[in-house]
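Chemist: Sequence:
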Amino acid sequence: MIYCFGSVQERNSSEGPVPRLDTCLCMLLSITTLAVVNIIEEEDISLISETERSSIGQRKDVQPVGKLRRDLVSSLQQLDDFEGLLIPPPPVSSLANQAAAKAMIFLSGITVSGGHLDGNCLNDMPVNCSGNLRDLIVEACIARNVLDTSAYMWPGYVKGRSNQVPRSISGQMPGWSSLMKGSSLSSPMVSALVSTPASSLVEIEKMYEIAVTGSDDEKMSAATIFCGASLTRGWNIQEHTVCLITRLLSPAVPTDFSGSESHLIGYAPFLNVLLVGISSIDCIQIFSLHGMVPQLAGSLMPICEVFGSCAPTMSWTLATGEKISSHAVFSNAFTLLLKLWRFDQPPLENVSGDVPPVGSHITPEYLLLARNSQLASYGNPLKDQNKIKRLSRFSSPSSREPIFMDSFPKLKCWYRQHQECIASILSGLVPGSPVHYIVEAVLNMMFRKINMGGQPLTPTTSGSSSSSVSGADDSCLRLKLPAWDILEAVPFVLDASLTACAHGRLSPRELTTGLKDLADFLPASLATIVSYFSAEVTRGLWKPAFMNGTDWPSPAANLSMVEQQINKILAATGVDVPCLALGVNSPMTLPLPLAALVSLTITFKLDRASDRFLNLVGPALTHLGTGCPWPCMSIIAALWIQKVKRLNDFLVFSASRTVFHHNTDAVVQLLRACFSTVLGLNSSVASNGGVGALLGHGFGSHFEGGISAVAPGLLYLRVHRAVRNVMFMTEEILSLLLHTVKDIATCGLPAEKLEKLKKTKFSSKYGQVSLASAMTQVKVAASLGASLVWMTGGLGLVQSLIKETLPSRFISVHGSEPNGEDSGGVVAMLGGYALAYFAVFSGIFAWGVDLTPPACKHRPEVVGKHFEFLASALDGKISLGCNKATWKAYVTGFVSLMVGCTPMWMLEVDVQVLKSVSKGLKQWNEEELALALLGISGIHAMGAAAEMIIESEF
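Here this note's numbering is used: the first residue of the sequence shown is 51, the next is one more, and so on.
Please keep in mind that the hints were generated in silico from the structure rather than gathered at the bench. Worth double-checking, as some hints may not be accurate.
What the hints assert, rightly or not - Simulated restraints, written as ranges between beta carbons of each label pair:
#, residue 1, residue 2, range
1, I89, G206, 36 to 44 Å
2, C463, K117, 55 to 63 Å
3, V741, R443, 38 to 46 Å
4, R559, R466, 29 to 37 Å
5, A996, E133, 50 to 58 Å
6, S241, V694, 36 to 44 Å
7, L957, L591, 23 to 31 Å
8, S862, E133, 36 to 44 Å
9, F778, S241, 50 to 58 Å
Cβ coordinates follow ideal geometry from the N, Cα and C atoms, glycine included.
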């Protein structure tokens, strides 16, 4: 957990569209502690049940304390020995100081008058209240009832003296304590509650009651408070806050409601405050990590359906004086909905292995199915009893009825059009149809300042051409239409605009201005703009746009600097960066749709109002630029750096990843760097290896010396999705693992030097390493390899590795196979053990170690097939091409790990197969291991185990 805190700190090293440091830290405190709570509660329940069965008629007032809870206490106490890891990042140091002060005040016996401690209170304290990350972790555990306040009395926990604390400390006023005493939501009160997280569930429940039953002004204030610090920094109540916000987005029908339209219309200002408040990258990440995305999507879809079907004839005035229409509410809800699934991925990004080329892993249908599944299992007394006790009394879903895409016909129609736009060239605009008239009206609105000379941008017939050029006022009147109707016309508008630009009837500047006018008129149209331009870029049918500074913006001012910084970032990997050649003979170009999309994004102002829409377009632009030929992403980075200097590090790092998208050899070289770095074998990096060297400690121009080399592990975390032939990567990872084993056994010395050392008087010590030390490094290398396989291809790749790749490796003859000639067969033996750890670690990452959960339904088949292969090979039915020492080390290592780490797996394997494997082990004089294998294989293997005991005369 401490290392996670350190990793989180890297987020601020590259300013960009990523969650802030304090938000990430609070999510970590909340989610990690909840996971600990679940684990400890499972043990507590089993202990209580066992105690109740064994203590009938005895006292039951003493609750048993489980081993896991004691281990947690011991671990937290030992953290004090690692002060260097506990230094809080500057943005959260005030939170750590408050946690330390709370412990000191508790020991002094003083009660804070306001009931809530904040930074202002600490200014009155004469003692040092400098806290660290352990203080925050302990407070998180106390808030979840995993620990109690006795933790404050641990030796050395409180650094100051409690008798130095002043006898009276005033709490913050106004604040949550004032709210609980009945104070009204005045402007100062609202500002205080927005900036300070609630300290308890009772306080956030009080705010929920106001949001439901208060006056209109109170409801608006409550919505603003919910989206403030209690959501982003309220680590002790964060899961309650996300549940209550999701429920507020689905308000109940008022008892006196009698209108024909949806009751949601009356909640428009209230819903808009919530939608805007949770639209940031930080908030979306919070909902995602708390598993609330499916339920949030289920709340957003009705809002999109209702407000997208309304003409913008009504408007509402917010407290800020801003007027909003149904288009504004729809756009905010729709763009937020799209951020919840991988809408930003261009079509080519979805082509990976056996994944279909159209669509993505997460779709609206998938989100609804996940939502229905979550609600169906909610309240299961056998599964969620303890979780329900921890939740707010208002957290239960307002409706558990399943919903499907058919419930939202307008959204379903748009989604179908979105998929068609990706799959094929746009067609189907019928002249004279309602959609055609809307297309003309939108085009007139976009290009009303341009004299088109009576030439329409859309294909027309004699019956419709007379209406192709209308006045600006007429087009605006004709666009008083529901948002869904306008969105249906937008793809045809974009097609006509891009075609006109390609044929010279629109200048690039005019095209960009028109697109910006469209986005300002209906921000939700950005979704279709991204969808259409992404599809057109991947089709490759448009001529390139020359980024020369005349027609399109030029990146020349920053391109050389981008190239230099990319070279610095990739310096530790040994990967060559293609040259960004400049000059007349090599002009910089982008595909026309991509150039239009980049130019559009540059026109946006960087403020809070634009951020929520740029956060929709920005990731799509990055993915699209990364997938295009080199150096498209570098050009995009250079253009955006001209606009916003502070995004330099983020953009350059994004551009550096492009090198790996277009060069498989570069990915292999990066993997090689990962292995050598984690083991300390990388001569170009002064490091002793380890996870710290693999993942690094951040990057950016704010570090001393400016941008420097990025750790290879961090790079692979960012580029592994670019790998398309995952089966190829499995073979490469396996080969790199075996070569790494050879380096471990020979201390990394080249063969020529080893031969020379053999002939010297020190030949008995050449390249030798202790077996214990070598095995430790082999385990590290195998765990890294398993992590890379799991990260690259997930469950399917792990299953293929164990079921197909490894058996093929043993059967075939490889020229690079470790042999037994060097180091007395140590290389071959270590190679076998490395493959055993590699296979078992991969399986554990994919399946876990317990009995088969629903997600691991294929585990019995995969493990069973692998044991069948082992049995056949041991029985001589399969001819092996690998080294005998490698094979023996693999089998014995694999079975030993099964016995010691994953005994539950053996209950799923056919007993006859296990008997055959045990027989083969016995022939190798591995009777104890053979007997141990049968011993964990269930009651059906007891007979075979007894026979072996008798035969071996144990």
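Chemist: Give a verdict on every hint.
Modeler: Each hint, compared with the structure:
1. I89 with G206: 36 to 44 Å: Hint violated: Cβ distance 27 Å, outside 36 to 44 Å.
2. C463 with K117: 55 to 63 Å: Cβ of C463 to Cβ of K117: about 57 Å, so the range 55 to 63 Å holds.
3. V741 with R443: 38 to 46 Å: holds, 43 Å
4. R559 with R466: 29 to 37 Å: holds, 34 Å
5. A996 with E133: 50 to 58 Å: Given a distance of about 56 Å, which is inside 50 to 58 Å, the answer is holds.
6. S241 with V694: 36 to 44 Å: violated, 29 Å
7. L957 with L591: 23 to 31 Å: Hint violated: Cβ distance 57 Å, outside 23 to 31 Å.
8. S862 with E133: 36 to 44 Å: The hint (36 to 44 Å, Cβ to Cβ) is violated, given that S862 and E133 are roughly 53 Å apart.
9. F778 with S241: 50 to 58 Å: Between F778 and S241, where Cβ atoms are some 57 Å apart, the hint holds.
Checked against the numbered hints above, the structure breaks hints 1, 6, 7, 8 and satisfies the rest.
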